[in-house]
Amino acid sequence: MSTEKNQAFQQAPWRVQLQILGMVLLGFVTTALVASIYLNVSAQTAAAAIETESLSFTRDTLQRQNASLRTEIGVITSAREMRKRAEELGFFLPDAESSHYLLIKGYPGKQTKITAPPITQIELPESILKPIYTQSLWEWLYENLVDFRMNQYGGLLK
Amino acid sequence: MKWFPFSRTTLVGLLFSAVGITIVGQLLRINVSSVTRTFSENANRVYEYRREIIYPERGYIYDRWGHLLAGNQEVYEIGVDLNSVTNPESIASVLEEVLDLDYGDILQETKKEYEQGVSEYIVLANFVKPEDIARLEEIRDSYWEIPSSEIKKGERRPSLNGLTWKPHLQRTYPENDVGGNIVGFYAFRDMVKGKPYFGVEEKYDDILSGSTIEVLVPNNPNLIEELPTAPPGASLVLTIDREIQSNVESVIDRAVKQNGAVSGTAIVIDPETGEILAMATTPRLNLNEYWKLTEQFDESTPFNRAVGASFEPGSVFKVLTMATALDTGKVTPNTPFLDTGTITIGGISIFNWDRAAWGPQTMLGCMQHSLNVCLTWVAMQIGNQDFYTYLQNFGIGKKTNIDLAGEVTWPLSVPGDENWWEANLGTNSFGQGVSVTPIQFITAISAIANDGIMMSPHVLKSVIDEERQYDYSPQIIGNPISKETARTLTDMLAVSLEEEASNALVPNYRVAGKTGTAEIAGPYGYTSNQTNASFVGWGPVADPKFVVFVWLEKPSSSPWGSIVASPVFSEIVQNLVTYMDIPPDGTQVGISER
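Those protein sequences? They're chains A and B, same order as listed.
For the record, in the first sequence the residue sitting at position 111 is 103 according to my numbering, with numbers rising by one throughout.
For the record, in the second sequence the residue sitting at position 204 is 206 according to my numbering, with numbers rising by one throughout.
Honestly, the hints are just simulated from the structure, not real lab data.
Please read all numbers here as calculations on a predicted model, not as lab measurements.
Treat the hints with care, since some could be wrong.
[Said to hold, decoys possible] With a straight-line Cα cutoff of 27 Å, these simulated DSS-like cross-link-like pairs (lysine-lysine) come out:
#1 A:76 x B:259
#2 A:97 x B:547
#3 B:401 x B:556
Using the sequences provided together with the hints, build the complete structure.
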């Protein structure tokens, strides 16, 4: 009798097979999901890194161009060039007799201090990349897990 | 079918499982094998990272108003990656056309066999200007656009594949040779071992150059973070005024030419601060073509005579003798002296420059007529001890430690030294038997122009580092004479010039000064036909703003400083007062009021 009863409560074989199949598929889907997230994050990291490298090259190029332009201005405004241009425009160096000196109150005279020093490189913080672009998926999960637990348990983990 | 223990489905499942297990097993075996580990390590070493050296931008050099004296310019290195070359003839032809390089040489280089680690990359040209690179890019793009149909059978497509250009910075000097002796140069042609020579480039190389960084840059984009940069070197602001420098150079160049002198040197210094406003020497080098140095300078020619050459100054040195005598109270401007035309000291006879006897004189007359006999007598009145102590206090025989590379000094012989004789006191009093560099001498004289306070001569005004400007503070290096002595002597030398109607006088400005004509010692003693002609002067007398020293070496037009050097001083000062906005003496200064 007991055997018959057991048999009465046993699930149909196709149901058991379906459950097993479902579990296997769930495993596959979960793995695929994790893999796709990992792939996505990796792709974003790589894209950001390549962009960073590209921007670094652009920055270097701009710095070189700035240097060139500054030097070019120096060449164009060199003493000989300026004198030549001034003479072409009809200017000449005045002598003492043709100069008239006026004392102007409050005028300190020509100042030697350079008011606009050359733009030197602005030092940035150690890394401008957000951690999300540099950490691995595992590190990201771990960090968020810790954050989650800290939020859950308040100061217990502190 | 009863002999077979499995169903067909089970059999297929087992087969697939076996295949799967085999694949996984093989993957594990490959991954953990020693060969794989070695391969992985090699791949990581070779391909994962590349080593890059980042050179910081060299700091700039400016004159006191911010005009650029030394900067950097973008140029390119052109090379060929042998593994990527598809058409060597195209590369040779294009480089011949654009850069005027030899077709045969380029073809030979580009046809070399690629050999890993031995022959991979060859530099074909360097310091190529950006406009030439733009032309190369244009040609490269035009080759890509050629339709395949236009390429004849058997012909190769024209291509610059393999040709690469890498940008870098080259030191550039916008003013060419203006102030070249002060600035020095950076030997940029040697990319690896290039270093600075002379001037502030050498003296301040540590702060101009910054620090080179060597980094490992990952090739794997996942590993790339921000690429590091080398902070640029600090920039320097010099005390030099390029307009004054340029003008003084023009004047001294002309003076050397007109007087047939071997060389010329002129220094302008602000006595209140010790700032060098101009320092002109001949010859000068176009710093952008520094490799021509040996063509212009022989081994005995210093790059900057103002700091690197010592000479016997002659009568300009009498200023220091008289300063000592006045300060020790041995004489006053009106102390009488009977000039008989000769005086004996240490067993030798001293004569005047014209071998004449000038009769009754005062100290003012002695300076005005530059009487050797009188100054020898004055030195005897001072005595050995005080005379040499004062000279040492004026810095004679010691380096000034000016912030320029290549400063030399000639030791001052003092009583007790093997090479000092009693006669030295006499000859030294009028600037013979003693050697100074122009910078030493003008530093000493600037003490007289600055109420007895001697300032450290320098060319650095400030340093700009990370957008902050650090100003150099003028430093006092001595106080050899009193304020009263300095003013008395200044007035004596101003009157002296005025009464003499000197060529050094400057219309509308009262200046003080002294000429110098020194015989040059040769292997057979002193020769009268070859001299060092010089003039030192300062002004305006009421409140000196400049000291100017002029030295012409071996002028052939006339040996006398009063004839060849004095007019040079006058011309320099006439321009100087305009550049420095110094109003003429006695000018009614109007006051602009609203």
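Here's how the hints hold up against the structure:
1. Between the alpha carbons of residue 76 (chain A) and residue 259 (chain B) the distance comes to roughly 22 Å, so the proposed pair stays at or under 27 Å and holds.
2. A hinted pair counts as satisfied when its Cα atoms are at most 27 Å apart, and residue 97 (chain A) with residue 547 (chain B) qualifies at roughly 21 Å.
3. Taking the CA atoms of residue 401 (chain B) and residue 556 (chain B), the gap is about 25 Å. The hint holds against a cut of 27 Å.
Hint check: no violations occur; every hint is consistent with the structure.
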